[in-house]
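Sequences listed follow chains A and B, in order. For what it's worth, the numbering used here labels the leading residue of the first sequence as 1, then goes sequentially. For what it's worth, the numbering used here labels the leading residue of the second sequence as 1, then goes sequentially.
Treat each hint with caution, since some may be false.
Chain copies aren't distinguished; within one or between two, either way the pair holds.
What the hints assert, rightly or not - Within a straight-line C-alpha distance of at most 25 Å, the following computed BS3-like cross-link-like pairs (lysine-lysine) qualify:
hint, residue 1, residue 2
1, Lys36, Lys238
2, Lys238, Lys98
3, Lys103, Lys238
4, Lys103, Lys187
5, Lys36, Lys187
If you are wondering where the hints come from, they were derived from the structure by calculation, not from laboratory data.
2 protein chains.
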Amino acid sequence: MDLTRPLFVLFGDSITEQSFFPGGWGVALANSYSRKADVIIRGYGGYNTRWALFLLDLIFPQGNAGAPSVVTIFFGANDAAILGRTSERQHVPVEEYKENLRKIVHHLKKCSPTMLVILITPPPVDEDGRNEYARSLYGEKARELPERTNEMAGIYAKHCVELAKELNLSFVDLWSHMQETADWQKKFLRDGLHLTPEGNAFVYKEVISILHSSGLTPDTMPFDFPHHLEIDGKDPAKAFTARK
Amino acid sequence: MDLTRPLFVLFGDSITEQSFFPGGWGVALANSYSRKADVIIRGYGGYNTRWALFLLDLIFPQGNAGAPSVVTIFFGANDAAILGRTSERQHVPVEEYKENLRKIVHHLKKCSPTMLVILITPPPVDEDGRNEYARSLYGEKARELPERTNEMAGIYAKHCVELAKELNLSFVDLWSHMQETADWQKKFLRDGLHLTPEGNAFVYKEVISILHSSGLTPDTMPFDFPHHLEIDGKDPAKAFTARK
């Protein structure tokens, strides 16, 4: 089916996959663009950028009509998993992470040069929160050393921001911005990594602010079809033919 | 872009449009089918079935690849607005309502004979709730007589169910089922017509129960791409080529 509205695709890892949970940032976006744009999720829990590359041709085929108007790219939380610790199979070296992001952006821009691509850095990591979470799952068997650190996530975030600046892309420096709020560890993160409702609201505000400044303001975007008050009860066809 | 998952479309009036509000039945469906199916909303506040017919060719073009797997059709609340009262421009006679629904179903089945089409009746109407809502908006100027009645909504619901049985379609008799719960007026409806969070949960449960009994159970549907635990860190390509 052809979509009658601009399409926004949220592409990323579990933090994107979970954005349609109740209170999620994806839900909030979909609701803000009600009758103006469609929002769909391409979030893959546990994925890093290396694995994301395998999806590109399938999710975003070249030469295909109806390319998305907006794509958010939100990876890095898994790439930044630390070598030699429990999540090392997800680790991707930071230079490769940056090059993988570049490949994703190039692919998308080939799909549609006018596409608004928004890079989002990984969020900060609350190491105490990660440890508590591990203990809640594994008790005394939980690993001693954190499998992700805030410092490491910051290095990946820095590379993400660098790439966005190099390519002149919009970006959300989530790692830095979240840490400007007191008690970000518990306020925004529920297990040291994934978002609380307030963390989701934070991401939503950052993303919609970029959409607004790019001219994609819901209030000024057209409805796909007439508002019901524009329809003349005695001659409904008029409202529909007038828009063709 | 091609969708890599089955597509579910929710087609209807404001009760569908608002299904992506926080706590909405559309959000709950989208979340249940996370990584299994896409859920998009085609809800048009204030629309009746007569106006919906103008949208069919545009939303659901014939001969177009990628027809939805599932479409819910949820109209009637506006068609049942009472002649001679404040919402009469939205009124559609009940026989025409039934024939319009038939046209919508035929159109969809021509798009894809295997599409699961689910008819949903209008919800019951809490006339006191409607009156309170009108007074909250207009004070003493509010209309004396309700513009919608529960009895009238019931007549439309009955015709919707009749059509579903005639055409051997799945259906949700929302009008009847909601009234089986004590205090349905306040429990399920927030202004006498639109849904509370509990009303949304009710619609969600009814719809997902039909999806389950039609074999569309999220647990048994495939992921569009491998779960990250299926990916060999040393040979990631394997997991992706194996699925082609």
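Structure-based check of all given hints:
1. Lys36 to Lys238: within (21 Å within a copy, 40 Å between copies)
2. Lys238 to Lys98: This pair counts as between: shortest inter-copy Cα distance 23 Å, intra-copy 53 Å.
3. Lys103 to Lys238: between (47 Å within a copy, 21 Å between copies)
4. Lys103 to Lys187: neither (34 Å within a copy, 51 Å between copies)
5. Lys36 to Lys187: neither (31 Å within a copy, 31 Å between copies)
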